[in-house]
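Chains A and B supply the protein sequences, listed in that same order. Using numbering that gives the first Met the number 0, you'd call the opening residue of the first sequence number 0 and step up by one each time. Using numbering that gives the first Met the number 0, you'd call the opening residue of the second sequence number 0 and step up by one each time.
Worth flagging that the hints you see were computed from the coordinates, not collected in a lab. C-beta atoms are modelled at their ideal positions from N, C-alpha and C, and glycine is treated no differently.
As a list, the in silico SDA-like pairs of lysine to any residue whose alpha-carbon atoms are at most 20 Å apart:
#	chain 1	residue 1	chain 2	residue 2
1	A	145	B	125
2	A	174	B	268
3	A	86	B	268
4	A	262	B	166
5	A	125	B	145
6	A	78	B	268
7	B	78	A	273
8	B	262	A	172
9	B	145	A	143
10	B	262	A	164
Selected chain A positions facing chain B (in silico; Cβ < 10 Å):
#	residue
11	69
12	151
13	156
14	160
15	227
16	231
17	233
18	271
Number of protein chains: 2
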Amino acid sequence: MKKFLGIDVGGGSVKGTVISKTGKIYFQSSIKTNPIWTNEEFLENIKNFIFEIKKNTTFEKIGIGTPGPIDLDSGVILKSANLPNLKNVNLISFLKEIFPIPIYFNNDSNVASLGEYFFGIDSKKKSLFVFTLGTGLGGGFIFNGKLYNGIKGNGMEVGHMSVIPNGAICGCGQKGCAESYFSTSGFLNRYFEATNIKLQNAKEFFDLVILNDKDAKEVLELGVETFSECIRAIIYILNPEKIVFLGGISKSYSLFGKSLEEKVRSKIFPVLSENLIFAVGEDFAGSLGSAALCFEGEDD
Amino acid sequence: MKKFLGIDVGGGSVKGTVISKTGKIYFQSSIKTNPIWTNEEFLENIKNFIFEIKKNTTFEKIGIGTPGPIDLDSGVILKSANLPNLKNVNLISFLKEIFPIPIYFNNDSNVASLGEYFFGIDSKKKSLFVFTLGTGLGGGFIFNGKLYNGIKGNGMEVGHMSVIPNGAICGCGQKGCAESYFSTSGFLNRYFEATNIKLQNAKEFFDLVILNDKDAKEVLELGVETFSECIRAIIYILNPEKIVFLGGISKSYSLFGKSLEEKVRSKIFPVLSENLIFAVGEDFAGSLGSAALCFEGEDD
Numbered sequence: 000m001k002k003f004l005g006i007d008v009g010g011g012s013v014k015g016t017v018i019s020k021t022g023k024i025y026f027q028s029s030i031k032t033n034p035i036w037t038n039e040e041f042l043e044n045i046k047n048f049i050f051e052i053k054k055n056t057t058f059e060k061i062g063i064g065t066p067g068p069i070d071l072d073s074g075v076i077l078k079s080a081n082l083p084n085l086k087n088v089n090l091i092s093f094l095k096e097i098f099p100i101p102i103y104f105n106n107d108s109n110v111a112s113l114g115e116y117f118f119g120i121d122s123k124k125k126s127l128f129v130f131t132l133g134t135g136l137g138g139g140f141i142f143n144g145k146l147y148n149g150i151k152g153n154g155m156e157v158g159h160m161s162v163i164p165n166g167a168i169c170g171c172g173q174k175g176c177a178e179s180y181f182s183t184s185g186f187l188n189r190y191f192e193a194t195n196i197k198l199q200n201a202k203e204f205f206d207l208v209i210l211n212d213k214d215a216k217e218v219l220e221l222g223v224e225t226f227s228e229c230i231r232a233i234i235y236i237l238n239p240e241k242i243v244f245l246g247g248i249s250k251s252y253s254l255f256g257k258s259l260e261e262k263v264r265s266k267i268f269p270v271l272s273e274n275l276i277f278a279v280g281e282d283f284a285g286s287l288g289s290a291a292l293c294f295e296g297e298d299d
Numbered sequence: 000m001k002k003f004l005g006i007d008v009g010g011g012s013v014k015g016t017v018i019s020k021t022g023k024i025y026f027q028s029s030i031k032t033n034p035i036w037t038n039e040e041f042l043e044n045i046k047n048f049i050f051e052i053k054k055n056t057t058f059e060k061i062g063i064g065t066p067g068p069i070d071l072d073s074g075v076i077l078k079s080a081n082l083p084n085l086k087n088v089n090l091i092s093f094l095k096e097i098f099p100i101p102i103y104f105n106n107d108s109n110v111a112s113l114g115e116y117f118f119g120i121d122s123k124k125k126s127l128f129v130f131t132l133g134t135g136l137g138g139g140f141i142f143n144g145k146l147y148n149g150i151k152g153n154g155m156e157v158g159h160m161s162v163i164p165n166g167a168i169c170g171c172g173q174k175g176c177a178e179s180y181f182s183t184s185g186f187l188n189r190y191f192e193a194t195n196i197k198l199q200n201a202k203e204f205f206d207l208v209i210l211n212d213k214d215a216k217e218v219l220e221l222g223v224e225t226f227s228e229c230i231r232a233i234i235y236i237l238n239p240e241k242i243v244f245l246g247g248i249s250k251s252y253s254l255f256g257k258s259l260e261e262k263v264r265s266k267i268f269p270v271l272s273e274n275l276i277f278a279v280g281e282d283f284a285g286s287l288g289s290a291a292l293c294f295e296g297e298d299d
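Construct the complete structure from the given sequences, taking the supplied hints into account.
If you want it as structure tokens, here you go:
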């Protein structure tokens with residue numbers, strides 16, 4: 000059976016998995032990401048990581064997912080919020096010179112979505128939308144088994160849709176983005192505005208929600224309200240069959256999911272609601288989705 | 000050369016065009032729509048209209064576009080704002096019993112978008128988004144030469160995305176929809192709120208804008224601001240190469256287009272803006288787009 004290497008570049012670590020199309024895992028490994036990596040250091044570390052994996056097993060193709068924005072055609076990471084020293088990294092041409100096998104590339108939300116499509120429970124739908132709820136708010140869309148990429152690989156940047164005109168400033172420089180209200184960074188920033196208290200992560204925030212902290216509950220409520228408008232837009236535009244939530248925040252789905260689903264369903268045409276399923280996905284390594292970039296044209 | 004009949008059902012009239020894939024028009028005709036038509040009267044009139052056309056020319060397939068929401072799979076018009084007595088019209092099964100040839104179906108915005116793709120100037124893009132600016136605010140998306148339909152033919156209902164949370168009530172029953180701010184109905188309703196004056200149509204509204212009427216200018220300004228957020232969402236989600244504006248309101252593009260384009264470009268990542276073209280489309284009959292529904296699988 001053919002083996003494919005999937006690499007997932009995240010803010011905290013770079014993960015690698017060698018896997019078959021049927022989901023058999025042959026090898027897994029990871030290295031820590033260093034947030035101050037320059038272009039050269041980043042490329043050097045990725046190269047060495049792949050060589051290490053190669054010592055352990057073979058693979059016929061490589062798929063790689065990275066934070067964006069990216070330029071899909073030229074295989075370039077334009078920049079990355081979590082690796083701020085990276086700029087216009089010629090990742091794919093660099094790797095192709097070293098590893099003379101097919102190499103596929105996409106952004107992190109897209110590869111996570113592809114992982115959910117191929118390996119999630121009952122997610123092989125004609126039309127699947129995946130929200131990645133982490134530091135930021137990302138999305139990916141699989142239609143008829145294919146990722147929707149937009150012209151340069153930057154489709155489905157749902158976090159930067161406006162939900163409150165002239166609302167809170169987002170990391171992207173614009174105002175009122177959905178990500179400013181429903182993401183780890185959004186929750187922490189809104190909570191800081193309300194209380195002057197800096198929380199460290201989503202867990203701290205949701206722990207306060209569980210403790211009935213008034214401000215945390217208000218921040219979450221505003222987040223759910225605005226995110227429901229973001230999902231409403233996605234439904235009116237794409238009319239998906241299934242919406243799946245992935246990422247760290249989705250672990251706290253019991254604290255907001257029911258309210259979120261009810262709000263969304265109350266805001267859309269009945270015909271759109273009747274045909275729509277919501278689900279929380281399992282925690283697949285993004286590297287499985289990256290490997291799935293290699294599946295196109297491969298037999299089942 | 001093969002001939003195709005395209006039928007466009009609008010609020011004012013039903014239009015029919017017999018055309019080849021290369022755009023050669025063999026016959027055109029229309030009948031007035033009666034807004035109080037029941038299901039039976041509607042079907043009878045469409046049937047007779049097609050028989051009249053058949054007396055004049057031949058055709059191998061029929062494409063038909065109607066207001067929505069529709070159920071694409073079953074060929075049903077669920078309801079229509081402009082033909083309020085229609086409900087769950089089994090249009091396609093009715094026509095298939097009478098005309099034993101292939102019959103294709105879609106909603107009016109989608110067929111207008113397909114018409115722009117096939118017959119518009121320089122619109123055969125990999126990724127084309129079309130806004131239909133009329134009584135309502137509609138949209139259509141053509142990707143790799145194919146209409147994006149969503150699961151039941153109700154994708155791209157952009158008019159019912161929220162642009163102002165808890166904003167103005169829309170005809171759909173929801174609040175803050177883009178259509179409530181940027182469409183003929185939206186302009187007239189917002190102008191009535193401000194002045195208690197009922198305008199009759201978009202021309203009257205834009206004439207007031209030209210005359211520097213303060214309220215009309217404010218309504219347009221709010222409309223442009225909110226529509227720019229709607230377009231921003233479309234760009235972040237779909238990352239299209241070209242956005243085209245069609246419909247009655249697009250005739251007044253000189254009164255708002257520059258401001259609209261500038262607002263949109265100021266709100267999106269540079270990489271998305273650099274690859275994006277805006278254009279105003281020509282006035283194609285929707286019936287050409289309906290005929291284009293028949294083109295799939297046909298040689299050029």
